[in-house]
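2 protein chains.
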Amino acid sequence: MKEIIGGVTAAQGFKASCTAAEIKYKDRKDMAMIYSEVPCKAAGTYTTNIVKAAPVKWDKEMVDHSPFIQAIVVNAGIANACTGQEGYSYCKETAKEAAECLSIPEDSVLVASTGVIGMQLPMDRIRAGIKVMTPDLSPSIESGTNAATAIMTTDTVKKEVAVQIELGGKIVTIGGMCKGSGMIHPDMCTMLSFITTDVAISKELLVEALRVDIKDTYNMISVDGDTSTNDTVLLLSNGLAGNKEITEKNEDYDTFFNALHYVNETLAKKMAGDGEGCTALFEVKIIGAESKEQAVTLSKSVITSSLTKAAIFGHDANWGRILCAMGYSGAQFDPEKVDLYFESAAGKLKIIEDGVALPYSEEEATKILSEPEVTATADIKMGEAKATAWGCDLTFDYVKINADYRS
Amino acid sequence: MKEIIGGVTAAQGFKASCTAAEIKYKDRKDMAMIYSEVPCKAAGTYTTNIVKAAPVKWDKEMVDHSPFIQAIVVNAGIANACTGQEGYSYCKETAKEAAECLSIPEDSVLVASTGVIGMQLPMDRIRAGIKVMTPDLSPSIESGTNAATAIMTTDTVKKEVAVQIELGGKIVTIGGMCKGSGMIHPDMCTMLSFITTDVAISKELLVEALRVDIKDTYNMISVDGDTSTNDTVLLLSNGLAGNKEITEKNEDYDTFFNALHYVNETLAKKMAGDGEGCTALFEVKIIGAESKEQAVTLSKSVITSSLTKAAIFGHDANWGRILCAMGYSGAQFDPEKVDLYFESAAGKLKIIEDGVALPYSEEEATKILSEPEVTATADIKMGEAKATAWGCDLTFDYVKINADYRS
Numbered sequence: 001m002k003e004i005i006g007g008v009t010a011a012q013g014f015k016a017s018c019t020a021a022e023i024k025y026k027d028r029k030d031m032a033m034i035y036s037e038v039p040c041k042a043a044g045t046y047t048t049n050i051v052k053a054a055p056v057k058w059d060k061e062m063v064d065h066s067p068f069i070q071a072i073v074v075n076a077g078i079a080n081a082c083t084g085q086e087g088y089s090y091c092k093e094t095a096k097e098a099a100e101c102l103s104i105p106e107d108s109v110l111v112a113s114t115g116v117i118g119m120q121l122p123m124d125r126i127r128a129g130i131k132v133m134t135p136d137l138s139p140s141i142e143s144g145t146n147a148a149t150a151i152m153t154t155d156t157v158k159k160e161v162a163v164q165i166e167l168g169g170k171i172v173t174i175g176g177m178c179k180g181s182g183m184i185h186p187d188m189c190t191m192l193s194f195i196t197t198d199v200a201i202s203k204e205l206l207v208e209a210l211r212v213d214i215k216d217t218y219n220m221i222s223v224d225g226d227t228s229t230n231d232t233v234l235l236l237s238n239g240l241a242g243n244k245e246i247t248e249k250n251e252d253y254d255t256f257f258n259a260l261h262y263v264n265e266t267l268a269k270k271m272a273g274d275g276e277g278c279t280a281l282f283e284v285k286i287i288g289a290e291s292k293e294q295a296v297t298l299s300k301s302v303i304t305s306s307l308t309k310a311a312i313f314g315h316d317a318n319w320g321r322i323l324c325a326m327g328y329s330g331a332q333f334d335p336e337k338v339d340l341y342f343e344s345a346a347g348k349l350k351i352i353e354d355g356v357a358l359p360y361s362e363e364e365a366t367k368i369l370s371e372p373e374v375t376a377t378a379d380i381k382m383g384e385a386k387a388t389a390w391g392c393d394l395t396f397d398y399v400k401i402n403a404d405y406r407s
Numbered sequence: 001m002k003e004i005i006g007g008v009t010a011a012q013g014f015k016a017s018c019t020a021a022e023i024k025y026k027d028r029k030d031m032a033m034i035y036s037e038v039p040c041k042a043a044g045t046y047t048t049n050i051v052k053a054a055p056v057k058w059d060k061e062m063v064d065h066s067p068f069i070q071a072i073v074v075n076a077g078i079a080n081a082c083t084g085q086e087g088y089s090y091c092k093e094t095a096k097e098a099a100e101c102l103s104i105p106e107d108s109v110l111v112a113s114t115g116v117i118g119m120q121l122p123m124d125r126i127r128a129g130i131k132v133m134t135p136d137l138s139p140s141i142e143s144g145t146n147a148a149t150a151i152m153t154t155d156t157v158k159k160e161v162a163v164q165i166e167l168g169g170k171i172v173t174i175g176g177m178c179k180g181s182g183m184i185h186p187d188m189c190t191m192l193s194f195i196t197t198d199v200a201i202s203k204e205l206l207v208e209a210l211r212v213d214i215k216d217t218y219n220m221i222s223v224d225g226d227t228s229t230n231d232t233v234l235l236l237s238n239g240l241a242g243n244k245e246i247t248e249k250n251e252d253y254d255t256f257f258n259a260l261h262y263v264n265e266t267l268a269k270k271m272a273g274d275g276e277g278c279t280a281l282f283e284v285k286i287i288g289a290e291s292k293e294q295a296v297t298l299s300k301s302v303i304t305s306s307l308t309k310a311a312i313f314g315h316d317a318n319w320g321r322i323l324c325a326m327g328y329s330g331a332q333f334d335p336e337k338v339d340l341y342f343e344s345a346a347g348k349l350k351i352i353e354d355g356v357a358l359p360y361s362e363e364e365a366t367k368i369l370s371e372p373e374v375t376a377t378a379d380i381k382m383g384e385a386k387a388t389a390w391g392c393d394l395t396f397d398y399v400k401i402n403a404d405y406r407s
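Protein chains in written order, with the working numbering: chain G, 1 to 407; chain D, 1 to 407.
Don't read these hints as lab results, they were simulated from the structure.
Source: prediction; values computed, not measured.
Do not rely on the hints blindly, as some may be mistaken.
Treat identical chains as interchangeable: a pair holds within one or across any two.
EDC-like mimics (lysine to aspartate or glutamate), calculated; alpha carbons at most 20 Å apart, straight line [what the hints assert, rightly or not]: (1) Lys24 / Glu362; (2) Lys57 / Asp334; (3) Lys348 / Glu362; (4) Lys337 / Asp354; (5) Lys57 / Asp354; (6) Lys350 / Glu363; (7) Lys367 / Asp404; (8) Lys57 / Glu106.
Using the sequences and the hints given, assemble the complete structure.
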C-alpha cells in the first residue's frame, strides 16, 4: 500500500466540483458534489443519535434500497436537522435537482449537510448551486481538494487522503475526504466522511468492511463528547479498477480492508487533531486490558474528560485526571496496578507505576506535552487486549467558537 | 420549615474552627474541623469512581463500623488521591492526632481532602493545623462560616445553609456546608458536603434518608462530567434537639426528610451555580417522561453537553444542541413530539413545539438567557414522570483554571 496525493477524485471514474452557494456563509465555497461516471455500490454508517438529521434518513433509505448510487451533494452552514417533514422534503428536492442535471435516477443521489441545527435550507440557492456545480465536475486532484475545502465548517484545515494497493495486478485506489470539527463524538460525528474507491467488490463485503472498521477509527475519536445529529460516513465503489471482484473474505479482501482502514484512521485522526479550537492531537492508548471492550471504554473516557483535555492544553502532566477518568468510566481495573506514560516527538516518560507517581521531571513532562501530537499510554496489566482513542485539548477557542457559533 | 442563618454550627452541640496550615495554598485558611460535643450517628455517601481517594476509604470504614463519630478534619489543596498505602496511613495519622487533641477515640474521627491528585499530604503541617484548631473550636455561626471558607478550592463563594423544623414541640436544626467546583459530576463530586443536625434518629433511618435524597440532589448536578476521586457527603446527627427519636417512617421522618432535602438541594445548586469559571446556573427540567429514570438520563445528558454549556455562556438560544444532547443520551423518546422552553427571571419563552422551531424572538431569548439562573424545560409528552438537573455554562475561565490548576 502506498499513500498518494489526492482525495475523493483519486480513484478512477470519480469527479468533484464545488461552489459558493451562500447557504449561510458568505464569500467562500460551501457546496460540493461528488459524481461517479458509472453506477456505484454504496455503504453508509450514520449517527446513533435519536435526533437524526433529514439527510441521514434520506441516505440510509437510498443506500439500503436503491439499486445503485452515483452522486453525493453536500452543503456546509446548515445541518438540516430538527427541520421536520419540510427538511426531509428538501433532501428529496436536492436529489431531484441533481438527478435532472446529471441525467441519473433521483434515488442514486445522496445528500449530506453540516452546520446549524434547526434552520431550513434555502432551496433556491441549493438548486442554483447544483446547476453551477454540474458542468464543473472534474476528475482532477484539485477538484477533490476544493471539495474538501468547501465542506468545512469550523475546521481549520481540509482533510483528505488517498492510497493505492495492487489486487491481481490491478491498481486499486481508495480516496476520501471528511470534515469535523465540533459535535464530534462519533458513535457513528457532525463528522461527514466520504470515501470513494474504484475497487470491484460485492455490496455485502463493502458494507461489512465499513461496518467493522468504523469501530476502530471514527468511533474512537471525540472532540467534545457531543454525538451529532448528522454523522455520516459514505463509501462508494465503482469497480473501474478492473480487479477480480471481491466476493469473499480472501487475501484481496484483507488487502482492501487494510487500505480502507488506513484511509479511515487517517481521516479520523485528522478530525480529532483539528477539533474545534484545539492545539494538539491527544492520543490515548490502553494496553494490557482483559478485553477490547474494556480498553475502548477506558480510552474513550480519558479523551472525553474536560479536565484532562484542559490539562493537555496547559501542557500539564496532571496524570491524576487521567486515572480519575479511567476510574469513572464504568470499566473495572485495579488503580494500584496502573503504569502510565506520556510520549511525543520530544520523548517518552513513565509517570506512574503501580498507581503511584514516580519522581519524574515536571520540566521534561511539560516538554513532551508541548508537542502538537501527544500520547498517553496506560498499562492496566490484566491481559493482552488494547485500544487507541483520539481526541484533542480543550481551549479558550473551543469556548469562543461555541459561545457564538450561530452569530 | 424555616431557613435560618448559618451552616455546620447551626445545630445544637456542633462546633467548628479553621486555620491557615499551608497545606498547599499560602496566605489563606485551608484546614477546617467540625466537632460535636456528644457522640453522633453518621451516614456517608461516596464517589463511585474506582479510583477512590484515601479519605473516602477511611470514612466508609469508620461510618460503617465505628460505634459513633464525633469529629471531621478537612483540608483543601491536596486530595490525598492516588497516594497508595502511604496516603491511607496519613488518614489514620490525621485521625490519631485529632483524637489525642480532642480526647475522643481515633475511630470517631472522619477525614476529607480536596485538591490536587497524586501528591502526599505534608503530615507535619496537618498535625500542626489540628493542634491550632482544637482550642479554637466554637459553636458560633461565624465559626461555621469560616470553616465553609477554609474548604474552598476553585470555589468563588462559600456554600452553607441551615433550616429549622419542629418535631413534637422540639426545634430540630439541620445545617450544612459544601465545596465544589471542578471535577463535579457526582455519581455520588471533588464535591465535599458536610451536614450536621441535632435530630434524634436511628442510624438506619439516617443512612436511608441520605441514600435516597442524594439521587435527587448531589447526583443531579454536573460542572464538567468528571466524577471525582474524593466525592463525599457526610451527615452527622447528635440527638441534642431532644425530639422523640425517629425510629420509623412516620410524619416526623417525612418532616425531617423534607428539611434534609432542602439543605441538600440548596447546597447542590450552590455547587452547580459556582462551577469552575461559570457565569450562570443552568437548570434542566424534563417533564412528561415515562419514567423517572428516563427523565434523569435526559436531563443529565443536557447539563453535561459541552456545546450546550458553551451556548449558555454565549446567551445563545441554540436549542438544537439541547435536542441533540437528549438524542444521544441513550433514553428513548420521539424528537418530533418535544416542546422546549427557556425561562429565567427575565421571562419564559416557548422555543420549539413538536420538535420544530417556533418563530420566537432571538432578542427576547437572549434576554432570558442573560440572567444568572437559566432554566430549559423539555416536555417529551410520554407520561407524568419528571426530573431536574443542575449544571453551569462552559467559559474561558473554566479552561484557564484547568489548564494550569497545579501551578
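- Message: I'd like to know which numbered hints this structure contradicts. Please list them from smallest to largest.
- Response: No numbers; nothing is violated.
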